[in-house]
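**Q** Here's the letter readout for the chains.
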Amino acid sequence: MPQIAQILETYASQIFWTLLVFGILYFVIGRGMVSKIDANVEARDRKIADDLAAAEKARAEADGLVAGGSDALNAARGEAQAKAAAAKARGAKDAEARLAKADAEVAAKLAAAEADLAKARSKAMAGIENVAAEAAADIVAKVSGAKVSAAQAVTAVKAVLS
Amino acid sequence: MAGESGKIDPMHQFQIEPWAKLDLFGYDISFTNSSLFMLVVLGAIWVFMAGGMKRELVPGRWQMAVEGVTGFINNMMSSSIGPEGKKYVPLVFSLFMFILFANFMGMMPIGIVPGAHAFTVTSHLTVTAVLAVLSFGTVLVVGLWKHGLHFFSLFVPHGTPWWLLWLIPFIELFSFLIRPFSLALRLFVAMTAGHVLMKVLAGFVINGLNAEALWVAPLVALPSFILMIGITLLELLVCAIQAYVFALLTSLYINDAVNLH
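Residue numbers (the numbering used here), protein chains in the order written: chain U, 1 to 162; chain R, 1001 to 1261.
Looking at chain U on its own, in the form it has when it is part of the complex:
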């Protein structure tokens, strides 16, 4: 086995070159390059984490905005409904009032007309009584020759008519 057979002649060279090569490897590559690569990996991980956090924040903000927007929408809708209801109620009240006023006017006119009518009728009635009384007095005079006073005739006609 040359590893053991040659050990006395080669150990110094082997140890020297191993230490030299490993020293360069350790200081140049292990300490120099690896830490730079690690720093780069860490920077990337941090960037990814930051970006994710920013995205999460933006999403939360958007969610908040959507919630706020729908709130405002709901409020506006409620307000509009209230306004519409109020307007409707006002309109109904107005119409009612006008209707009542018109009713009252109509009723007043009707009452006046009825009163006129009643007056006219009573006037006409009185006229008819008078005519009937005259006619009755005339008829009585012609038939029986009795003279009937106007007042008697009127009383008699009234008694018959009513």
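Please note that a few of the clues may not be correct.
[Claimed, not checked] Straight-line Cα separation of at most 20 Å, EDC-like style, residue types lysine to aspartate or glutamate; simulated pairs:
1. U/Lys123 / U/Glu134
2. U/Lys83 / U/Asp71
3. R/Lys1086 / R/Asp1256
4. U/Lys158 / U/Glu129
5. R/Lys1087 / R/Asp1256
6. R/Lys1021 / U/Glu9
7. R/Lys1086 / U/Glu42
8. R/Lys1086 / U/Asp45
9. R/Lys1086 / U/Asp38
10. U/Lys36 / R/Glu1084
11. R/Lys1199 / R/Asp1009
12. R/Lys1054 / U/Asp45
13. R/Lys1087 / U/Asp38
14. R/Lys1054 / U/Glu42
15. U/Lys147 / U/Glu129
16. R/Lys1087 / U/Glu42
17. R/Lys1054 / R/Glu1067
18. U/Lys36 / R/Glu1067
19. R/Lys1054 / U/Asp38
20. R/Lys1146 / R/Glu1084
21. U/Lys36 / R/Glu1056
22. U/Lys158 / U/Glu134
23. U/Lys93 / U/Asp103
24. U/Lys83 / U/Asp94
25. U/Lys47 / R/Glu1056
Since the hints were derived computationally from the structure, they do not count as laboratory data.
Got chain U sorted already, so can you dock chain R onto it with the hints?
**A** Chain R alone, transformed into the frame defined by chain U:
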């Protein structure tokens, strides 16, 4: 490969060949094929990492792969140690990548180029021992630095009955001291055994095809070849598992040092 007697030597792949003689304070630090493969491994890791260094916010495929590996080690450290594990990511990452790339580099079919041989750095005890000592030394230094002498309470686990106090600390101490050996030997043995097995099977295939008796080729070479495909796939799995085991155990040992059970 071919030894002096013309036979196929499955151990030849572990041979270290000095290519350029170098000296440092009387120690022989020659540039060898092993050194070359360490540099190749380092270069491959650098290319892989550099491809993922564009550091874009939206990663491409290559960057994704690099970030996958670093993220894998990061996860392992934070799940084994906790938030403090981040400090030890460079060490465990370097260990993991070095072992993984060295294991895979040894599996590369470089042998198809005449005269070239793949060399598995991690199949050498000297190399795995250095890695294990680095891992174990980190545990010792971190433990003593953070907790001082209180670190030795590691050897008395919570809930030890008083009448076992003469035994448990010795068992714990032994299991603690054996860690660097088990780390080094596990990797060294796994890589060596796998490569020896592949070379032995390859020898069966080649010798079977070259045999003079015609029945040898279909009866020996073909089943060996089929078996070798399976063993090679298994060995690729072992390459990754050994790197993972080394990194995971190191992270668990550092956890002991940081959090004291």
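**Q** With reference to the structure, classify each hint as holding or not holding.
**A** Cross-check of the supplied hints:
About 16 Å separates the Cα atoms of U/Lys123 and U/Glu134, which keeps this hinted pair within 20 Å; it holds. Among the hinted pairs, U/Lys83 with U/Asp71 is consistent with the structure: their alpha-carbon atoms are about 18 Å apart, no more than 20 Å. Of the pairs offered as hints, the one joining R/Lys1086 and R/Asp1256 holds, with about 15 Å between alpha carbons and a cut-off of 20 Å not exceeded. For a cut-off of 20 Å, the pair hint linking U/Lys158 to U/Glu129 stands: about 7 Å separates their Cα positions.
Between R/Lys1087 and R/Asp1256 the CA atoms are separated by roughly 15 Å; this keeps the pair inside 20 Å, and the hint holds. The hinted pair formed by R/Lys1021 and U/Glu9 meets the criterion: a straight-line CA distance of about 12 Å does not exceed 20 Å. Pair hint R/Lys1086 plus U/Glu42 holds up; C-alpha atoms about 13 Å apart against a cutoff of 20 Å. With a C-alpha separation of about 17 Å, the suggested pair R/Lys1086 and U/Asp45 falls inside the 20 Å cut-off, and the hint holds.
Proximity of R/Lys1086 to U/Asp38 is assessed by CA-CA distance (about 10 Å); at most 20 Å being required, the pair is judged to hold. Between U/Lys36 and R/Glu1084 the alpha-carbon distance is near 18 Å, which keeps this suggested pair within the 20 Å criterion. This hinted pair checks out: R/Lys1199 and R/Asp1009 have alpha carbons roughly 8 Å apart, not beyond 20 Å. Between R/Lys1054 and U/Asp45 the alpha-carbon distance is near 17 Å, which keeps this suggested pair within the 20 Å criterion.
Between R/Lys1087 and U/Asp38 the CA atoms are separated by roughly 12 Å; this keeps the pair inside 20 Å, and the hint holds. A threshold of 20 Å between alpha carbons decides the hint, and for R/Lys1054 with U/Glu42 the separation of about 15 Å falls inside it, so the pair holds. With a CA separation close to 18 Å, the supplied pair U/Lys147 and U/Glu129 stays within the 20 Å bound. Distance hint between R/Lys1087 and U/Glu42 is fulfilled; the C-alpha atoms sit about 16 Å from each other, no more than 20 Å.
Our distance criterion of 20 Å between C-alpha atoms is met by R/Lys1054 and R/Glu1067, whose separation comes to about 11 Å. A C-alpha spacing of about 11 Å is found between U/Lys36 and R/Glu1067, which places the hinted pair at or below 20 Å, so the restraint holds. The suggested pairing of R/Lys1054 with U/Asp38 holds, with an alpha-carbon distance near 12 Å, which does not exceed 20 Å. Between R/Lys1146 and R/Glu1084 the alpha-carbon distance is near 12 Å, which keeps this suggested pair within the 20 Å criterion.
As the CA atoms of U/Lys36 and R/Glu1056 are separated by approximately 12 Å, the hinted pair is consistent with the 20 Å bound. Between U/Lys158 and U/Glu134 the alpha-carbon distance is near 12 Å, which keeps this suggested pair within the 20 Å criterion. Straight-line distance between C-alpha atoms of U/Lys93 and U/Asp103 comes to about 15 Å, which keeps the hinted pair within the 20 Å bound. Taken as a hint, the U/Lys83 and U/Asp94 pair is honoured in the structure, with Cα atoms around 16 Å apart against an allowance of 20 Å.
Distance restraint check for U/Lys47 and R/Glu1056: the Cα-Cα separation of roughly 13 Å lies within the 20 Å cut-off, and the hinted pair is therefore satisfied.
No hint from the list above goes unmet by this structure.
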